[in-house]
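Spelled out from the first residue to the last, the chains are:
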Amino acid sequence: MPTALLRLSLLIAAFFVTAAQAAPGPAASMVRISTTAQQPDYSVPWNPGNVGSGVGAGFVIEGKRIMTNAHVVSNATFITVVKEGDPTPWEARVLHVAHDCDLAILGVYDERFFEGTKPLQFGGIPALESTVSAYGYPIGGNRLSVTTGVVSRIDFQPYSHSEVDSHLAIQIDAAINPGNSGGPVMQDGKVVGVAFQGFSGAVAQNVGYMIPTPVVRRFLKDVEDGTYDRYMDLAATYFPMLNPAQRAALGVEEPDTGVLIGSVFDSGSSAGKLQPGDVILSVDGLKVYSDGKIDLDGERTEMAEVFERKFKGDQVKLEVMRDGSKQDIALELDRPWPFEMQARSYDKRPRFVLVGGLLFQPLSRDFLDSQKGVDTRLRYFFDYYVTDHLYREYPEVVVLSEILKDPVNTYVAPFKGGIVDKINGQRIRSLQDVAAAFEQPGEFHVIELLGEGRPIVLERSALAEASERIRQRYGVTTEQNL
Amino acid sequence: MHSSSPSFFPGRACGPRRTAAIFAALLVSASFSQGMETLKPYLPNAEATAAPTDQTAPATEASPAMAPETETRPLPPVVRVNVASQSYNFSQPWRKNPPVLRQGLGVVLTDGRILVTAELVNNHTYVELEKPETALKAAAQVEVVDYDANLALLAAPAAEFLQSINGARLDETAAVGDRVEILQLESNGTPVRTPATITTIEVGAYPVDENAFLLFKLSAPLQSRENSFTVPVFKDDRLVGLVMRYDPRSQTADVVPSPVIQHFLDAAGREPYAGFPRAGLTFSDTRDPQLRQYAKLPNGTGGAYITKVLPGSPAAAAGLKLGDVLLRVDGKAIDQDGNYEDPRFGKISLAHYVSTVMQAGQKLPVVVWREGAEVQVEGALAPRDRSSMISQPYIFDAPPKFVIVGGLVFSELSRQYLREWGPDWPREAPLHLVYLDRYQSELPGDRGKIVFVSSVLPGPNTVGYENLSHEVVEEVNGRPIKSLADLAAAVDSPTGQFHRIKLAEDPGLVVLDVEGSKSEEERIKRDYRLPSLRQLDGAE
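Residue numbers (my numbering), protein chains in the order written: chain A, 947 to 1428; chain B, 51 to 590.
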């Protein structure tokens, strides 16, 4: 489910120091990760992008692997790791990355790196108010840092790395700062969490979050087959049912039970199985309370935790009240694609098509963030893409995002920011459609935007010369990336 | 003596919040100590744009040559017009906002009626005339008001009240570069004439709706004085127009000019008042040679490319279509920008000809370029039919419609509702409602009004519904909802024990107990002090 945006800062520091001396305890498993990353440039998509560097933490786990946060190694072009007491930087690579739960596993090209290290073991969910210690390389010095605090809260939280995912997270009051990212949070000699995000001091004090071990274990299990299939989702919205009339009208007699299905998204686990107006009474035999919670492993937690723990292709059994009668429905879990548009993406090059100085890009969160003065229509298409089922009509929303000024497009400037409806009479519902439509023969290219009555006309014979001119003047290295 | 009344909407985190509606007249003296009120051009109305004050460009620093002169000439034909006004609160539609007082100058016409801007009298509760020299006062009635053209006529009071005043006549000659005078009054009644220059004459946006009419732009160093909400502009004692906006930073005033006033007076002389006709189309220029080639438009000709034809409009009735290129309108050639050659003003947008030179009901022959050939059509002009609009651009002088059922408050979408979010409402108001309002012409023709849950008055019936906010209603008790009246009718004929309210957005379905809702009515009326749970006869 998409979640409300919460401004959380990720805990990656950007500075360099020399390695520290070896130390006993968890220090023997600690890894300091230095990355060079290149951020894609969505406003000039053929640009290579800005290069920056950062430092994060990681720790050695079984199988000669290093665990860290996805955001520590996102968009990385070069990664080195340094262990405690060893001055040598070793080149590392990403084995698996899960942007939806902000975890990554690294390998080191030269496995001798792991000599003398001790893989850390994972524990369970620490009790509220119990003491934990966070290890990492935060600002304030160069050597390994340890801070201690208590478990403040165990709850579902938005994971700010993707901006659309929410999972179980544990809030701790140990000081966690930039550079703690990816570091282990320990209790009784075991890892009980991976530090990953917190609020900046201006917003809140001593609010840090770690990824708890159920999420970490799920990631480790998911990648056992060599690929990461991501989190599964019901692909339907559901709502508490606290109103007596609503409950009675839908035939729900059992007190405190049931959540109401609001929307069902076409692409996903529930499509064709659930309907708006259904009431979910139980999930895998667990009673669903009318506030959307279940009792799982002795904890009152969100119903979603059942789906969260499952994998692609797993079944989930629902007991549903539909039109006054109970039904058993089995779903096969999958990941719905429409949410991806609203998620931040990593390790991908921006996709675009450039024709006659007209730049076409698919709508996405990264694209939208690169734009200034986004109009109402585009904001609506982004925010309501899933909820108003716009994905049905628009597998991709293609935007005329920029006009590189040239004699061939002198009069096109006012159309910047419009959503492309048709090119040369063909409906545009993906970036591939744009490239294909421009292959159509004819004297003119005719581009129609949503809500604009006047077509944009490009004379085909003038385009070849113009394209060359535009390539040279604007430093365009390639005219499309599909 | 003008009241400023910030009002907040209490207790709802995500509901509309009326931004401190410090009421600002156009150039009121009471606020002068903080610098003059900035009225940004092209924002909906003076109330909404009043909040920022500008201290950078006090008008007093004008050059000596432009300084206002105070001299003894015959008293101009103006009276002070003091208006008590009370707007409705669209987020709590049973409530009126605190009253405000606006003061402007009205121009006495030769027939004894008084001309003011429509903004001065919107939502008026009392209109009073005051003679400048004697401070003699008399109540007045608003006779005709046209919010599109921003003009209103007040009925003449008893003949003796205006006895000494010779009515003003309209100017027919003012042109770009002409010197004119903006008239204000000192508190003692002495006329103050500020010289101004007409810098631009063009078709531009008026304060409400997306209407564009002819307007004059003046360059003038205006000071804030009493009765400056509306001030007249004269040239040789003839009325050039009424100032409707003033930007103290650029020292420019936007004026409703005499041709628009003349049309208004002509239309006001006929029953029923038909207002300003509209063709019901939008067009874009045809300067782009590639577009001209594509449309096979001959070189050296003009033409305006039709980009939208509103359903049910005169343009649609005449058979005009998207992609037609307007070549001649009433025999007048249309250039590449959509202008015609006006005998007085030169190149002016065709919109002026259709809306202001022509009258509603008149036939308009049009020649368009369609598929490589000229086609002639003709249509009778008519004013825009507002009742057919999905979302009204403004609602004045009438209470907002609402229906309360079991504690759920239902409203109909209008831009007036969205304006409750303040001057930045397009960004602040709920995005899907802004989208529906903005692009209403793209919705299906039979969409009807958009009815939504505007707020919740919590009670036993609404347990679990407290967070509802701006969900659009699709059906109630199996009936499609295309207006609040539909909703009221559906609620009045329940099909069983429950009202089933189907929403277009999550949670999709809201159910109310029929008996429970009924028994709640008295409590809601009492606890929230509501005179009625329904208001259905508001403005169309």
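Source of the hints: derived by calculation from the structure; they are not laboratory data. Treat the hints with caution; some may be incorrect.
What the hints assert, rightly or not - Across the chosen pairs, the derived CB separations fall in these ranges: (1) Arg-477/B to Ile-1085/A: 31 to 39 Å; (2) Ala-324/B to Val-1149/A: 52 to 60 Å; (3) Ser-1407/A to Ala-423/B: 40 to 48 Å; (4) Pro-348/B to Ala-1410/A: 52 to 60 Å; (5) Ser-1076/A to Thr-545/B: 54 to 62 Å; (6) Thr-1356/A to Gly-239/B: 39 to 47 Å; (7) Glu-1389/A to Pro-494/B: 32 to 40 Å; (8) Pro-322/B to Val-1149/A: 56 to 64 Å; (9) Lys-146/B to Ala-1073/A: 26 to 34 Å; (10) Thr-1423/A to Gly-350/B: 48 to 56 Å; (11) Pro-1353/A to Arg-436/B: 23 to 31 Å; (12) Gln-985/A to Lys-371/B: 53 to 61 Å; (13) Thr-1356/A to Gly-350/B: 56 to 64 Å; (14) Lys-1294/A to Ser-543/B: 31 to 39 Å.
Ideal placement from N, C-alpha and C gives every residue a C-beta, glycine not left out.
Status of the hints after comparison with the structure:
no.	hint	result
1	Arg-477/B to Ile-1085/A: 31 to 39 Å	36 Å, holds
2	Ala-324/B to Val-1149/A: 52 to 60 Å	58 Å, holds
3	Ser-1407/A to Ala-423/B: 40 to 48 Å	25 Å, violated
4	Pro-348/B to Ala-1410/A: 52 to 60 Å	27 Å, violated
5	Ser-1076/A to Thr-545/B: 54 to 62 Å	56 Å, holds
6	Thr-1356/A to Gly-239/B: 39 to 47 Å	57 Å, violated
7	Glu-1389/A to Pro-494/B: 32 to 40 Å	35 Å, holds
8	Pro-322/B to Val-1149/A: 56 to 64 Å	60 Å, holds
9	Lys-146/B to Ala-1073/A: 26 to 34 Å	57 Å, violated
10	Thr-1423/A to Gly-350/B: 48 to 56 Å	42 Å, violated
11	Pro-1353/A to Arg-436/B: 23 to 31 Å	44 Å, violated
12	Gln-985/A to Lys-371/B: 53 to 61 Å	48 Å, violated
13	Thr-1356/A to Gly-350/B: 56 to 64 Å	19 Å, violated
14	Lys-1294/A to Ser-543/B: 31 to 39 Å	56 Å, violated
Checked against the numbered hints above, the structure violates hints 3, 4, 6, 9, 10, 11, 12, 13 and 14; every other hint is satisfied.
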